[in-house]
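**Q** Listed below are the residues making up each chain.
There are 2 protein chains.
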Amino acid sequence: MRNNRICQLFGIQYPLIQAGMVWASGWRLAAAVSEAGGLGILGAGSMHPETLENHIQKLKAVTNKPFGVNLPLLYPEMELLIDVLIREQVPIVFTSAGNPRLWTSFLKDRGCTVIHVVSSVSFALKAIEAGVDGVVAEGFEAGGHNGREETTTMTLLPLVRKSISAPLIAAGGIATGEAMLAAFALGAEAVQVGSRFVASLEASCHEAFKKKVIDSGEGSTELTLKELTPVRLLKNSFYEQVKRHYAEGAKPEILAQLLGKGRAKKGMFEGDLEEGELEIGQVAALIDTIIPASAIVEEMLSAYNTTLARLQQIGPIDL
Amino acid sequence: MRNNRICQLFGIQYPLIQAGMVWASGWRLAAAVSEAGGLGILGAGSMHPETLENHIQKLKAVTNKPFGVNLPLLYPEMELLIDVLIREQVPIVFTSAGNPRLWTSFLKDRGCTVIHVVSSVSFALKAIEAGVDGVVAEGFEAGGHNGREETTTMTLLPLVRKSISAPLIAAGGIATGEAMLAAFALGAEAVQVGSRFVASLEASCHEAFKKKVIDSGEGSTELTLKELTPVRLLKNSFYEQVKRHYAEGAKPEILAQLLGKGRAKKGMFEGDLEEGELEIGQVAALIDTIIPASAIVEEMLSAYNTTLARLQQIGPIDL
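Heads up: the sequence lines are chains A and B, in that order.
Quick note: the first sequence, position 58, residue 58 per my numbering, numbers continuous.
Quick note: the second sequence, position 117, residue 117 per my numbering, numbers continuous.
Derived from the structure by calculation, the hints contain no laboratory data.
Just so you know, not all the hints are guaranteed correct.
Here are the simulated lysine to any residue pairs, SDA-like style, with alpha carbons at most 20 angstroms apart [to be verified]: (1) Lys243/A - Asn305/B; (2) Lys162/B - Gly187/B; (3) Lys226/A - Leu259/B; (4) Lys65/A - Asn99/A; (5) Lys226/A - Lys261/B; (6) Lys162/A - Gly249/B; (7) Lys226/B - Tyr239/A; (8) Lys226/B - Gly271/B; (9) Lys261/B - Ser220/B; (10) Lys162/A - Leu311/B; (11) Lys211/B - Lys226/B.
Distance ranges between label pairs, derived from CB positions [what the hints assert, rightly or not]: (12) Asp215/B - Lys265/A: 26 to 34 angstroms; (13) Ser105/A - Leu228/B: 44 to 52 angstroms; (14) Ser122/B - Lys265/A: 39 to 47 angstroms; (15) Lys162/B - Ala61/A: 35 to 43 angstroms; (16) Ile290/B - Ser302/A: 51 to 59 angstroms; (17) Ser302/A - Thr51/B: 21 to 29 angstroms.
For clarity, every value in this text was computed on a predicted model and none was experimentally measured.
Note that CB positions come from ideal geometry on N, CA and C, so glycine has one too.
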């Protein structure tokens, strides 16, 4: 992996990035992943500016490895959050959920490496035009907010790979070394892993949510609320209420009212598994242990190697 | 690939199967793929018994390689179609869209190898229980009829691989050698390729439909009509009518009435791109040539090898 562009760009050992998820990606998780040789990312989407500053300082106190911050551009307090990033000299910023033209030059002029998360080729091209250093292409199976095109990782990755030459990170459905190798086959140079790290000891989300994740199975999630911002959720009472609203033909305003404020915090951070919003990827069905983040990194990298060896063993096809 | 279980099971050279698609998979396409060393499959879902018999006989007249027939179990005239399969000693039957317990023993007792197409682990387990020789696990991105769980190929394959030890064929989003290798990384032993073969010279669908497929891009398809049988369609006037019906809160009966009979034939076989139903996978966005089926097989296998070589070149991760 010595020539891996993502490793070089970020100054990390392994092309494995921990997603900056709301209510799960605090300093403990990011520090553990960065210390393990990947890239740890703080999820600023669920942090006020002072909270973010606090997490960055705690993170810096325990590791001098590179780390990043994820910034969903549509969230409030953006200017204050950006101030924190600049003041704390955050080396790497992953922007998402918004227009990459808004802040890319500003951040790059101040020394940040900027990556934008996209769900389609057209957004990937816009991000490149805005001057980002690379993109994360995130498929339909991913947890949390997602694109309207519903393009899956299997289809999205080669489409984006064909369209841009910049460094490409795969996301959506990747919780194992097998999937990491699959993403590399499809043209990715690194993977961003979310759901798997929710079920880590260091994730800052509620214990009850972690347990719900490892207990979930096939068909436990759905991409819904497409009229607002599409989001993949674990099915629970809140989800059933959403379904009932749909069955009754509820307009977007009514859905927004049902969603209200603080549902995600209530579910993922406070552990209200019934009334809260529980964001997770389809791949939760494959996850059944809560282990240290460093063990997740090790397991994935080691399975990547085992899978590569297995494919080498099968060998090329005699033509 | 000498020890590949799918190659051994079917007696074919390459673990590449052409999907038995309605209105596209006639004897010319199946013969071309079987002659090229893959497995060609007739799509009985759009054939009356006498048409199927005719296609089987024409196919046998031009190749003595193994071939298969796809049988959507919910279609009418099933007993007559089965009679044809037995009379013509069809060696391999892929069943789909129905209960695998219905015909698996019957077919196996008469010497057929039986594979069932599934969209979930629970259906995979039912198929194994019914005695099938292997399963096709088909992800959400696939064209045509699909499961309700919306599980993508990236997530579905490892879930099914973990649950069954029988031979596993991947489908959904696979039109290239890169995706074929990705599927192998995720645990598949062969791939079933649909959309790519729609855009082949030999496919029996209408020329206008083939052109529409290669002209389509990202976001051109959607999985819809979930209240009837979920189906992935190219967006056209008919699709817009479906959307309008949904916006008006139409009940399933009204949707069924809109769909009516013969929409798929009208679109894919007769080339009515506006009023017809056009079934294709998300991966259509990646396809931009109409070429001979043998060239598709060659391109895919050769890209599989190139991609394997690229991953070997990158090498394992130093742990």
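**Q** If you check each hint against the structure, which ones fail?
**A** Violated: hints 1, 3, 4, 5, 6, 8, 9, 11, 12, 14, 16, 17.
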